[in-house]
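Engineer: So the protein lines, in turn, are chains B and L.
For the first sequence, our numbering begins at 356 and goes up steadily by one.
For the second sequence, our numbering begins at 1126 and goes up steadily by one.
No wet-lab data here; the hints were simulated from the structure.
Being a predicted model, the structure only gives us computed values, none of them experimental.
Heads up, a few of these hints could be off.
Unchecked claim - The following label-pair restraints were derived from C-beta to C-beta distances:
no. : chain 1 : residue 1 : chain 2 : residue 2 : range
1   : L       : GLY1404   : B       : GLY498    : 31 to 41 Å
2   : B       : ASN543    : L       : ARG1349   : 13 to 23 Å
3   : L       : SER1244   : B       : GLY498    : 15 to 25 Å
Cβ coordinates follow ideal geometry from the N, Cα and C atoms, glycine included.
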Amino acid sequence: MPERILYPEFRDELEFTNYPFADGASLRGTIHTIEKDTFLDATLHPIGGQHRQYISEIEINPRRITFRISDRFNSNICHAVMNPLDPPEILKFVDEYDRPAGIMVSTPLKLTRFTTWELGVHQFQRGDTELVASCVIPTPEPGVRGIMLESGELFTGDIWIVGENGAVVRDDGDGNIRVDLVGEPLFNRVLCEPLELFEPPMFIETINGCPPNEYGEWHIAIGDHEAPETIVRLYPTNDGLRIEGIGTRKTL
Amino acid sequence: MARAGWYNENEYRDYPFMTQVEPFGIVREEDLSLSSSSSLSSESSAEALVGLPHEAIVDFGAIMGIRSGFDEQTDWVYLYRISYDAPYFVFEFRNTACSESIFFIRHQGADPWTISWESSRPMGYEPTLPSSQSSISSSSSASPSSEPFNPWNFEPCEEPCWEAFIVTGFFNDLLDMMVDGDTLYFHQGVWVIEPCRVQSLVDSFAASINLANRARKHVTLPERCRSSSSSAEEDPVHLNRACMTGDLAFKGGYNCVIRQEDSNNAIVIDGAVGGGEYGQPCEEFPYYPGEEKPDGSKHYSGGPTCGEIVKTVDGKGGRTIRIDPGPGFGISTDPDDPSLLIINADMEDLLVECIGESSESLAPLPPEPTPSESSSSSSESSLSSSSSVGGP
Chain B
356 MPERILYPEF RDELEFTNYP FADGASLRGT IHTIEKDTFL DATLHPIGGQ HRQYISEIEI
416 NPRRITFRIS DRFNSNICHA VMNPLDPPEI LKFVDEYDRP AGIMVSTPLK LTRFTTWELG
476 VHQFQRGDTE LVASCVIPTP EPGVRGIMLE SGELFTGDIW IVGENGAVVR DDGDGNIRVD
536 LVGEPLFNRV LCEPLELFEP PMFIETINGC PPNEYGEWHI AIGDHEAPET IVRLYPTNDG
596 LRIEGIGTRK TL
Chain L
1126 MARAGWYNEN EYRDYPFMTQ VEPFGIVREE DLSLSSSSSL SSESSAEALV GLPHEAIVDF
1186 GAIMGIRSGF DEQTDWVYLY RISYDAPYFV FEFRNTACSE SIFFIRHQGA DPWTISWESS
1246 RPMGYEPTLP SSQSSISSSS SASPSSEPFN PWNFEPCEEP CWEAFIVTGF FNDLLDMMVD
1306 GDTLYFHQGV WVIEPCRVQS LVDSFAASIN LANRARKHVT LPERCRSSSS SAEEDPVHLN
1366 RACMTGDLAF KGGYNCVIRQ EDSNNAIVID GAVGGGEYGQ PCEEFPYYPG EEKPDGSKHY
1426 SGGPTCGEIV KTVDGKGGRT IRIDPGPGFG ISTDPDDPSL LIINADMEDL LVECIGESSE
1486 SLAPLPPEPT PSESSSSSSE SSLSSSSSVG GP
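All chains should be modelled from the sequences, with the hints used to inform the complete structure.
Structural biologist: Okay, here's the thing in C-alpha cells:
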C-alpha cells in the first residue's frame, strides 16, 4: 500500500503545483515554458505596485539573466538580476530606484534551467505567469517616499538636511523648514583649507597702542602743543609717507 | 473531502520555519557560558536534542524596518531562544541584520491560534512577564542641543528596527520538554523563518527629516602663530531638530527663494540677494541656540571688525606703506628689534631758518624721491601688512 504523507512540508507540498503562480497560469512564454517546480515561494511588494502582478519578461544574456515584473497598470515595475554562472537561492527584486520589491524563492539548480534558453527577451502575458494574490502585497505610495537630488541620488529613511557654508536650516514651527542663505564670510578659507593653501592673515590693529577710527583710518599728525609752528612736515608719496624738516640743505 | 486548515497543517510541519533535517542543534543555557550568544556556531557547545514542537508556532511574519539594513538574499530571521518561566513561555526572535530582538510572551494555557504583534527591543532588554510589575524598558528622546554631535551616530527616531507577528498553537509538547526556569537556545541557522514571511521596507520611504547645521568657519591664527598644543579647528554639526514628520514645508528665509515645480515634481531652493521672506539680514545671527562669539570678537566667526584693523595711515593703504625720511630726518630700525621703527630728527643735512622771519624761507614741496635716492638713503623703512586675502 503506497504511503501517503498527510502533512508534507511547505515547500514539498507546493513544489509541483503552480504556486506561487495562479492555478490557471500556463507558465508558457513566447518560446519556452517555466517549469512548475522552478519557483517555490514568492512575495512581491514593489512600491506603487497594484494587484495581479506577473513575470512579464525574462531577458537572457550570457552574463546576466533579468526577470521583470509588471502589473495591470505598470510595466516592468521591478526586476531581479542573477548571474547564470552563480545562480542564487533567492531572487531579490528591486525597483528602478533600487528599493527592495520582494523575492522569489527557488534553488540554484532550478535556476540554471534558464541558462538553456536562447539569448534575448522572452515575454509572457499576464494570464500565463500571474502570481497568486497572497504573494503580492500592493504597496501604494502616498506621501513622500524619498527625496531625489538633481544627480538622481535618492534619499530615504531618516533624511538629514545639514546647512553649511553660509546656508542655515532650522525648524520654524508648524512643520516649516526655514532656509537662510547668508553666505560664508570666510569663503576663501573654506575653499582653500582642504588644499592647505590658505594662510590666515594677520592684521595691524593698533600702532603704539592707538587703534584706528571706525573706518580703519589711522593718522599721524604733525604738531606740538608748545610750538604751533613746527618745522616737521609730513607728505604723502605714491607708496607711503615722507617725513622731513623744512629749511635748506647744508652745503658742506 | 474535508481538508485541514492552514494552522492545522502547520501544526505538523516546520512551517513557518524552513524545513529542517535532524539532528536539530540546541544549545543549552549552561553551554552559553562557554561561548558568546553571538557566536553560537560553535559545534562543541551544541547538543543533538529534540526538535522544536511543530504545534507551538504555526505562523509567523515579519516586517523589517527601514533602518534594519535587512538584505533578503543574505539576512534571515530566526528563533533564538525559548524560555519557560511558569506559567509563561517567552519566544525570542532575532535577525542577522540588526541587533534588536522581538519577544513574544504566551501563557501556557493560551488559546490555540492566538495572534500577537510585537516590535523589536534593543539588545539587553528583558521582557516583563505579566506577573511582574517591574518596568524594564527605557527610551531616550532627542531634543535640540547646543552641544556638537555627530548626526551619523544619532539614535534614529523612536521606531523599532523590525516588527513581527506570531500565531501560536499548543504547548503540550513544549511543556513535556521544559521545566520551570528552562531556557533553550538555538543555533543561528537552525530555525530560520521562511524568507517569504519577511517583508523588507529598507530604503522604501522617507521616514523623517532631521535638521542640523555645520558649525561656521572661524578665524584662526596662522600655523606659525599657534601654540603646539592647539589643535586644528573641528567641524562639528549642531542639531536643530530631529524626527520631523507629517506635513512639512520649506520656507525661504534670508536671501532664499523656494519654489515648487509641479511639472517635474521638484522643489527648487535658490539664492537671491534680498530675496525670500526676510530679505537680507542686518546682522549676524546664531546658527544654533547657545552659540557664542569667540573671546574678544564682535563676530560669531571671530576676528576683528572692519573698524578694528588699520586699513590706512594718513590715507595711504595697501599691502606696503613706506615712510621715507626727508631733510633733517633719519629713519632706521633697531638692530636688536627689527620690528622697532626709529624716526630721528637729526637735522644733519638741514639748515633751519627762523620760520617767523620770512614766509619765503619755507621750503617748497620736495620732488618725489627717485629710486636711486630712495635706495641711497640710509634711513628709510616701511610698514608692511600681511596678506589680506579673505578679510576678517
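Engineer: Now tell me if each hint is right for this structure.
Structural biologist: Tested hints:
For L/GLY1404 paired with B/GLY498, a C-beta distance near 33 Å keeps the hint of 31 to 41 Å intact. A beta carbon spacing of about 19 Å between B/ASN543 and L/ARG1349 agrees with the range 13 to 23 Å that was offered as a hint. Distance hint check: the CB atoms of L/SER1244 and B/GLY498 are about 21 Å apart, consistent with the given range 15 to 25 Å.
Going down the numbered hints, you'll see the structure goes against none, and every one checks out.
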